[in-house]
Amino acid sequence: MTRRTSESYKNADKALQFKVSVAELMIRYELRDMEYVTYRINRMKKDFQ
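Remember, the working numbering sits 124 above the position in the sequence shown when you count from 1.
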């Protein structure tokens, strides 16, 4: 049985989820997608308190 990526992510350790989120932020920042970066930073503050 194969898992969907989203299921695997949801079941992953919080530290790993945080690292993946930071990597995504770095990529979006380099692409100058500041609206998304701002949104994700605020979302991460709630998700990783």
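I should point out that these hints are in silico values taken from the structure, not numbers from a laboratory.
Just so you know, not all the hints are guaranteed correct.
What the hints assert, rightly or not - Here are the simulated lysine-lysine pairs, DSSO-like style, with alpha carbons at most 27 Å apart:
#1 Lys-170 to Lys-134
#2 Lys-138 to Lys-170
#3 Lys-169 to Lys-143
#4 Lys-169 to Lys-134
#5 Lys-170 to Lys-143
#6 Lys-138 to Lys-169
To be verified - Ranges between beta-carbon positions, derived for each pair:
#7 Ile-151 to Phe-172: 11 to 21 Å
#8 Glu-131 to Arg-156: 24 to 34 Å
#9 Gln-173 to Tyr-133: 26 to 36 Å
#10 Arg-156 to Asn-135: 24 to 34 Å
#11 Glu-148 to Gln-173: 16 to 26 Å
#12 Asn-166 to Lys-143: 14 to 24 Å
Glycine residues also receive a C-beta, built at the ideal position from the N, C-alpha and C atoms.
Hints breached by this structure: 9
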